[in-house]
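Generate the whole structure from the sequences, applying the supplied hints.
Okay, here's what each chain looks like letter by letter:
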Amino acid sequence: MASDAETLLTLSGVGKSFGGTVALQGIDLAVQTGRVHAFVGENGAGKSTLGKLIVGVHEPSAGAITLDNTPVHFASPAQALERGLVAISQELSLMPQRSVLDNIALGREMTRGPFVDDRATRAHVQALMDRHDMQIALDARVGDLSVVERQKVEILRALGRDARLIVFDEPTARLPSDQVAPLLALVRSLAAAGKAVIYVSHFLDEILEVSDTVTILRNGEHIRTGPTARETRETLVEGVTGRVLGDQYPDIAPPDRAAAPVLSVTGLARRGVFSDVSFDIRPGEVLGLAGLVGSGRSEIARAILGADPAEGDIRLNGALAGASIADRLAGGIAMIPESRRDDGLMMGRPIFENVALPHLRQLSGALGLNRRQERDEVTRACAATEMKYAALDDPAEALSGGNQQKILFARAAMGDPVLLIADEPTRGVDVGAKQSIYNQIATLAASGKAVLLISSEIEEIMGLCHRVLVVSRGRIVGELADTALTENALMTAAFSGT
Amino acid sequence: MQTAITFARTYGILVVTLLLFCLLTLTTDGFLSERNMRNILDQQSGVLIAASFMTMAIIAGNFDISVGAVYVATPLVALLVENATGSIPLALVAGLAAGAVMGGINGFAVTRLKVNSFIATLATSFMFFGAGYLVSDRSIMRPEGEGWRALARTRVFELTTATWIALIVVILAGILLTRTRFGRNVYATGANREAARLAGVNVDRVQMITFVLLAGSAALAGILGSSRAISAQPSDDFSFIFAVLTAVIVGGTSIAGGSGAIWRTVTAVFFLAFLSNGFNLHQIDPIWQRLIEGFVILVAVSIDAASQRRSG
Numbered sequence: 000m001a002s003d004a005e006t007l008l009t010l011s012g013v014g015k016s017f018g019g020t021v022a023l024q025g026i027d028l029a030v031q032t033g034r035v036h037a038f039v040g041e042n043g044a045g046k047s048t049l050g051k052l053i054v055g056v057h058e059p060s061a062g063a064i065t066l067d068n069t070p071v072h073f074a075s076p077a078q079a080l081e082r083g084l085v086a087i088s089q090e091l092s093l094m095p096q097r098s099v100l101d102n103i104a105l106g107r108e109m110t111r112g113p114f115v116d117d118r119a120t121r122a123h124v125q126a127l128m129d130r131h132d133m134q135i136a137l138d139a140r141v142g143d144l145s146v147v148e149r150q151k152v153e154i155l156r157a158l159g160r161d162a163r164l165i166v167f168d169e170p171t172a173r174l175p176s177d178q179v180a181p182l183l184a185l186v187r188s189l190a191a192a193g194k195a196v197i198y199v200s201h202f203l204d205e206i207l208e209v210s211d212t213v214t215i216l217r218n219g220e221h222i223r224t225g226p227t228a229r230e231t232r233e234t235l236v237e238g239v240t241g242r243v244l245g246d247q248y249p250d251i252a253p254p255d256r257a258a259a260p261v262l263s264v265t266g267l268a269r270r271g272v273f274s275d276v277s278f279d280i281r282p283g284e285v286l287g288l289a290g291l292v293g294s295g296r297s298e299i300a301r302a303i304l305g306a307d308p309a310e311g312d313i314r315l316n317g318a319l320a321g322a323s324i325a326d327r328l329a330g331g332i333a334m335i336p337e338s339r340r341d342d343g344l345m346m347g348r349p350i351f352e353n354v355a356l357p358h359l360r361q362l363s364g365a366l367g368l369n370r371r372q373e374r375d376e377v378t379r380a381c382a383a384t385e386m387k388y389a390a391l392d393d394p395a396e397a398l399s400g401g402n403q404q405k406i407l408f409a410r411a412a413m414g415d416p417v418l419l420i421a422d423e424p425t426r427g428v429d430v431g432a433k434q435s436i437y438n439q440i441a442t443l444a445a446s447g448k449a450v451l452l453i454s455s456e457i458e459e460i461m462g463l464c465h466r467v468l469v470v471s472r473g474r475i476v477g478e479l480a481d482t483a484l485t486e487n488a489l490m491t492a493a494f495s496g497t
Numbered sequence: 000m001q002t003a004i005t006f007a008r009t010y011g012i013l014v015v016t017l018l019l020f021c022l023l024t025l026t027t028d029g030f031l032s033e034r035n036m037r038n039i040l041d042q043q044s045g046v047l048i049a050a051s052f053m054t055m056a057i058i059a060g061n062f063d064i065s066v067g068a069v070y071v072a073t074p075l076v077a078l079l080v081e082n083a084t085g086s087i088p089l090a091l092v093a094g095l096a097a098g099a100v101m102g103g104i105n106g107f108a109v110t111r112l113k114v115n116s117f118i119a120t121l122a123t124s125f126m127f128f129g130a131g132y133l134v135s136d137r138s139i140m141r142p143e144g145e146g147w148r149a150l151a152r153t154r155v156f157e158l159t160t161a162t163w164i165a166l167i168v169v170i171l172a173g174i175l176l177t178r179t180r181f182g183r184n185v186y187a188t189g190a191n192r193e194a195a196r197l198a199g200v201n202v203d204r205v206q207m208i209t210f211v212l213l214a215g216s217a218a219l220a221g222i223l224g225s226s227r228a229i230s231a232q233p234s235d236d237f238s239f240i241f242a243v244l245t246a247v248i249v250g251g252t253s254i255a256g257g258s259g260a261i262w263r264t265v266t267a268v269f270f271l272a273f274l275s276n277g278f279n280l281h282q283i284d285p286i287w288q289r290l291i292e293g294f295v296i297l298v299a300v301s302i303d304a305a306s307q308r309r310s311g
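Each protein sequence line maps, in turn, to chains A and B.
Following numbering that gives the first Met the number 0, the numbering of the first sequence begins with 0 at its first residue and continues without gaps.
Following numbering that gives the first Met the number 0, the numbering of the second sequence begins with 0 at its first residue and continues without gaps.
By construction, these hints were calculated from the structure, which means they are not laboratory data.
The model shown is predicted, which means the values in this text are computed figures rather than measured ones.
The hints are all genuine.
What follows is a list of derived Cβ distance ranges for each label pair: (1) B:Phe107 - A:Glu310: 27 to 33 angstroms; (2) A:Asp481 - B:Phe117: 54 to 60 angstroms; (3) A:Arg360 - B:Leu280: 49 to 55 angstroms; (4) A:Gly321 - B:Leu121: 36 to 42 angstroms; (5) B:Ile174 - A:Gln361: 17 to 23 angstroms; (6) B:Trp262 - A:Pro308: 39 to 45 angstroms; (7) B:Phe117 - A:Ala172: 30 to 36 angstroms; (8) B:Phe107 - A:Val71: 56 to 62 angstroms; (9) B:Phe117 - A:Asp138: 30 to 36 angstroms; (10) A:Pro70 - B:Asp284: 54 to 60 angstroms.
Stretches of chain B that chain A covers, calculated by requiring three or more beta carbons in the stretch to come under 8 angstroms of a beta carbon on chain A: (11) 184-190; (12) 199-206.
Computed, partial: chain B to chain A, Cβ under 7 angstroms: (13) Arg178; (14) Thr179; (15) Gly257.
Beta carbons: idealized from backbone N, C-alpha and C, even for Gly.
Given below as structure tokens:
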């Protein structure tokens with residue numbers, strides 16, 4: 000890296016409390032221009048809060064922030080923006096109905112008298128794109144763009160406002176895995192252009208790849224800050240969790256190959272999405288469904304649940320499954336959907352309602368719901384997942400990402416399913432919670448449940464699955480098991496159809 | 000701060016209603032009289048019935064503006080049958096069935112045609128108001144027999160039948176919402192439609208049922224209203240829906256869906272009734288009542304917005 004980096008922003012003894020809860024304390028660090036500075040930690044470690052303190056979303060409750068060697072105190076994001084400090088939020092600040100041009104120029108339109116000068120504004124935005132070598136069609140509607148392009152729009156807007164420091168908060172959390180690399184390249188190019196970049200993430204591989212400096216946070220405390228070059232995956236894991244990483248993946252006994260399949264899928268097809276999908280899963284087997292995002296993995300899973308219409312035969316324990324989701328659930332399928340926020344949980348509703356929802360028929364008698372039985376069974380199901388919660392009446396949103404995911408595991412296990420479909424079960428959860436989710440999967444498999452696991456993390460697929468089907472462009476292009484199951488073979492197959 | 004908002008949202012309406020009750024008891028002679036209380040209960044019976052099921056529809060994620068039109072049109076259908084056959088049971092069945100059909104049309108527009116519920120029910124409001132004019136031939140309708148009047152106005156243990164019917168309907172609605180699988184599905188559908196669907200809830204059916212129940216309850220309220228007035232007349236009067244919606248919103252049911260409670264709506268009905276009664280007893284210009292009511296709605300919605308921000 001160039002040695003022309005200079006200190007832009009300094010935090011000394013910065014802390015933040017919400018009510019009685021200490022989110023951050025005693026943070027000392029310096030952010031330099033032309034560098035990518037990563038904040039890493041588990042969910043709840045305070046890394047996002049720290050990013051928000053810097054751009055004025057939160058005000059620090061202790062300590063001081065200095066910018067250009069003068070103390071600053073931001074009461075709002077607008078004040079931080081005035082001084083060139085910007086956060087790229089997850090598309091929240093864009094107007095999806097408006098054009099790229101309108102979004103980038105927002106608040107900085109060129110005017111002639113009282114009127115917006117469209118031509119000058121357009122030329123100005125185009126010049127901005129040329130200068131940073133980021134081209135997007137100016138008249139495209141932002142809502143039609145891909146996630147990465149939307150992030151580009153946000154970045155361009157920030158650059159148009161003379162941003163000097165840009166904070167990325169979990170920018171890849173909602174990104175398809177094949178779009179991560181372009182985003183990281185974009186982040187690097189901003190640093191190369193002399194901007195200070197703060198990169199908040201819990202994806203260790205991304206941090207190792209993209210950052211120059213890394214700050215590790217744990218439970219709101221500053222563990223260490225140093226050059227990324229001195230860190231490895233193992234040292235980072237140790238830093239964020241406070242313990243040495245053992246073997247993450249539990250042993251799962253191989254299934255009985257002679258047992259009759261729990262699920263048999265024959266000739267499953269959905270026009271334009273996937274076709275000719277056929278496979279079996281046996282009791283106790285963990286079958287991986289691997290492939291790039293957009294390959295049709297999740298869509299196949301949704302079709303098996305009955306969430307989308309599809310042609311072909313789906314047999315559960317030999318019998319043809321009914322068409323509705325309710326039929327499939329009654330037949331013994333349980334699913335943990337890809338996005339727990341959009342498709343899984345009712346965030347504002349109590350934990351127990353979230354867990355019990357698909358099982359209310361079994362919990363109802365002639366006089367309506369048996370609420371005591373419901374409490375008992377939900378309590379037991381939650382305990383089995385090692386979920387941490389204060390009260391079952393708390394809303395789901397009160398829990399951390401990992402514990403929210405456990406609500407879905409408790410929901411799935413409570414129905415005593417024969418098949419669990421888990422779509423990205425560890426997305427957005429921290430290292431410790433991952434371990435516990437792997438144990439859940441192992442426990443279910445050991446008790447004779449079949450598991451269909453979808454994951455973008457190859458290690459996870461390799462570590463947990465007995466057998467892996469690789470999906471590419473809506474077709475199963477490979478089946479790997481035992482010694483043939485290598486990372487290389489998996490990636491080769493995944494890219495084969497593209 | 001957040002716990003204060005949560006508390007305000009859950010019990011605030013109960014606290015202010017009790018305060019108002021005490022205030023009026025202390026400052027007026029007539030408020031706590033048996034007669035005044037009986038009157039309030041009787042006057043609010045229609046709103047109580049419809050507001051209970053409006054709460055349910057809003058929790059499931061939908062608005063229903065057409066309740067006002069159902070309230071106007073269905074008693075006309077009932078009286079048409081009463082005039083033709085002289086049978087009160089048949090008239091009741093016809094009126095309630097007309098309400099159920101209207102609710103079915105709303106449900107169809109929202110679940111099948113995927114029209115935003117506010118817009119869909121605004122459109123059907125005009126249809127139902129129009130149906131009212133057609134059925135009545137644009138004139139006021141009166142019952143043939145003496146029995147119609149007895150529907151709402153018979154005294155049983157000091158209270159009118161309208162009051163008793165309202166109490167029973169409110170309790171049944173409360174049980175349906177809090178103690179049954181259907182009730183849970185209503186909350187789930189409003190809180191996260193797709194998550195509920197993937198968990199096996201037939202979300203279209205749940206929403207359809209809430210519309211049918213709501214329109215049916217509005218028909219019941221309309222019929223009781225026509226019994227109290229011993230007549231019914233066609234109009235384009237939206238005032239009933241405003242009274243119902245005001246009660247639900249002041250009761251703290253989230254307009255975003257997924258949360259709310261019937262007991263709070265019921266409390267809000269009484270809060271608003273006490274307010275109006277208090278203005279009467281104190282002989283204050285009723286214009287002030289409008290200003291205060293508007294202010295109360297704004298406060299209730301602000302509390303809702305504040306708690307949405309927390310979860311957003």
